[in-house]
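Peer 1: Sequence:
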Amino acid sequence: MDNEPEQIPTVIIVDDESAVRNALSLVVQAMNFQVKCFSSASEFLENIESNIIQGPACLITDLQMPEMSGIELLEQLNSLGKQFPVILTTGHGDDALKCKSEKLGATFLEKPFRPAKLQNMITTILNQVSSKTTAT
1351 MDNEPEQIPT VIIVDDESAV RNALSLVVQA MNFQVKCFSS ASEFLENIES NIIQGPACLI
1411 TDLQMPEMSG IELLEQLNSL GKQFPVILTT GHGDDALKCK SEKLGATFLE KPFRPAKLQN
1471 MITTILNQVS SKTTAT
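If you want the numbering used here, it's the 1-based position in the sequence shown plus 1350.
By construction, these hints were calculated from the structure, which means they are not laboratory data.
All C-beta atoms, glycine included, are put in the ideal place defined by N, C-alpha and C.
Label-pair restraints from in silico Cβ distances:
#	residue 1	residue 2	range
1	G1431	G1405	14 to 20 Å
2	Q1426	E1367	16 to 22 Å
3	E1425	A1466	26 to 32 Å
4	S1389	L1430	18 to 24 Å
5	Q1404	E1460	30 to 36 Å
6	G1431	A1380	29 to 35 Å
7	A1373	H1442	16 to 22 Å
8	E1356	A1446	36 to 42 Å
9	Q1478	G1431	16 to 22 Å
Taking the hints into account, I'd like the entire structure generated from these sequences.
Peer 2: Here it is as structure tokens:
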């Protein structure tokens, strides 16, 4: 038996709109997860190597952001070998974008969405991540 304490999952939020980041952060905090917020994809990528994430994690990012889109962020993470379950949010979704995001391993969530739907997605994703890490 392992006596190590269970690590609290981290939800990383990358969105250029502060109101959206704050609202998502409140939802995630109410779920008793750790939250790390970034105002851009490049800010997140600059900090990714600094051990900002300990244990299970998932990423929530917007599709349309200045500098680097959510799809481009996913491509960068893949090229760096960083594997996070990703929820890609957008108010301007179409089938082609949904298909591309799914090929990159992301779950697509169209805005507006209810907090309960986001909570269910986060819980499902983090339960899958936790079960994979305990199985290994």
